[in-house]
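S.K.: Each residue of the sequence shown is one higher than the one before, starting from 293 at the first, in the numbering used here.
Note that these hints are calculated values from the structure, not bench results. Any given hint could be a false lead.
Stated by the list, open to error - Below, computed lysine to aspartate or glutamate pairings styled on DMTMM-like, alpha-carbon distance capped at 25 Å: (1) K357 with E451; (2) K357 with E337; (3) K505 with E419; (4) K505 with D491; (5) K505 with E413; (6) K454 with D364; (7) K505 with D396.
What the hints assert, rightly or not - Beta-carbon label-pair distances, calculated as ranges: (8) Q515 with W313: 57 to 67 Å; (9) A488 with L338: 35 to 45 Å; (10) V371 with I436: 10 to 20 Å.
These figures come from a predicted structure and were not determined experimentally. Heads up, the beta-carbon is just placed ideally off N, CA and C, and yes, glycines get one too.
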Amino acid sequence: MLPRAAEPAGSRERWLRRLRWIAVITWAVVIAYRTITDGFAVNRELLLLYIATGLLAASIGQARKMLYVIRDWLPFALVLLAYDLSRGAADLVGRPTLWQWQVDVDRWLFGGTVPTVWLQERLKLPEPPWWEVVISTVYMSFFILPYVIAAVLWLRNREEWKAFVRLFVGLSFSALVIYALVPAAPPWAAARCTPADVDGGPANPRCMFRPAKGVPDGGLLGQMQMSQDGANAWIERIVGRGWGKLNLHSASALIDQGQAAVNLVAAIPSLHAGLSLGIAAFLWRRVPRRWHPILVAYVLTMAFTLVYTAEHYVIDILLGWGLAAVVVALLARYEAWRRYRRRHRAAPITAEQPLVIARPEPDRRDARLEPARCDAPPDPVASGGH
293 MLPRAAEPAG SRERWLRRLR WIAVITWAVV IAYRTITDGF AVNRELLLLY
343 IATGLLAASI GQARKMLYVI RDWLPFALVL LAYDLSRGAA DLVGRPTLWQ
393 WQVDVDRWLF GGTVPTVWLQ ERLKLPEPPW WEVVISTVYM SFFILPYVIA
443 AVLWLRNREE WKAFVRLFVG LSFSALVIYA LVPAAPPWAA ARCTPADVDG
493 GPANPRCMFR PAKGVPDGGL LGQMQMSQDG ANAWIERIVG RGWGKLNLHS
543 ASALIDQGQA AVNLVAAIPS LHAGLSLGIA AFLWRRVPRR WHPILVAYVL
593 TMAFTLVYTA EHYVIDILLG WGLAAVVVAL LARYEAWRRY RRRHRAAPIT
643 AEQPLVIARP EPDRRDARLE PARCDAPPDP VASGGH
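From just these sequences and the hints, can you work out the full model?
M.R.: Here it is as structure tokens:
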């Protein structure tokens, strides 16, 4: 039988476990209700609030763990908030916006064709097909998946969590610096503007906020040469159409609202593409091999989504992948350096810990030349005895 003192402790732990389950279920119901009524959380602050409250609910009765939630996630939230607020740095720097360069590079890469135009000519239908639900979901994953991965890692392995946060924050801030120095317009904006509209490289010309319908010569992208029956014969920003097919108009509206609130000329590099590759690279050695095709498919589907929906040029995606590769490589070297330091950190020698010098091994060539002495006892050092 257990001692009587152990019975109240066990009863308290069972009670706390039930309380945690009740809190987590309540949290899940509240999140589901808010998602149904208000749509998905696509802004970082609300999403981090959801995650932090969920982790706190799962940590009820574990005071140290609850303090870890605040200690670990509050600085993370402040860093990301600073990133969002600092997007106006591009306006302060005052660099001219790239409008034509990306179009010319994509045409050069694809033999005179702009991939966004080619895809919308052949694939865009009057109503979104079922696969546009998939690409809308993939696009939305950029706003949700990193935080879900971070939450899972935080619960399972805080060292892995720190490594992922370094990747996420490093990629985000690297992209931010480039956005400030090299502002660049996306395809959907180029379809609304003519060369005269963007002469001098303005950041937010009026043409960006008008429909692409009726723009002379199809804007900077050129006119569509064909279109599917009933589909609009101009380039459109259509990343949210899939949600409309599921009657999730609030989610589609939130995407549009979120897009309007961010830096509209932050196209080079594509952070969507870079982060998808960064996540795949991070998880590659941490998940079973059967997941590898899914990781590859995620990266490629994100790239297709961005080009087809006129969010990015192909060159934007290639540069995003390049940035991710650089950040992943630098972090790998940093992690290797940390492991090296931990392994080779010299332990201090004290009086209670005598210095032991290993005897050199005998030369095997001499052993072959001299006959063995059977009357000598075995050497415990040379023979490996204890």
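S.K.: Could you run down the list of hints and mark each one as holding or not?
M.R.: For each hint, the structure was consulted:
With a C-alpha separation of about 15 Å, the suggested pairing of K357 with E451 holds against the 25 Å cut-off. With a C-alpha separation of about 21 Å, the suggested pair K357 and E337 falls inside the 25 Å cut-off, and the hint holds. A C-alpha spacing of about 18 Å is found between K505 and E419, which places the hinted pair at or below 25 Å, so the restraint holds. Restraint check for K505 and D491: satisfied, since their Cα atoms lie roughly 21 Å apart, inside the 25 Å limit.
The straight-line distance between the Cα atoms of K505 and E413 is roughly 15 Å, inside the 25 Å bound, and the hint therefore holds. As the CA atoms of K454 and D364 are separated by approximately 9 Å, the hinted pair is consistent with the 25 Å bound. Of the supplied pair hints, the one linking K505 and D396 holds, its CA atoms being roughly 22 Å apart against a limit of 25 Å. About 60 Å separates the C-beta atoms of Q515 and W313, a value consistent with the hinted range of 57 to 67 Å.
Separated by about 41 Å at the C-beta atoms, A488 and L338 satisfy the suggested range of 35 to 45 Å. Distance hint check: the CB atoms of V371 and I436 are about 18 Å apart, consistent with the given range 10 to 20 Å.
In terms of the numbered hints stated before, the structure departs from none.
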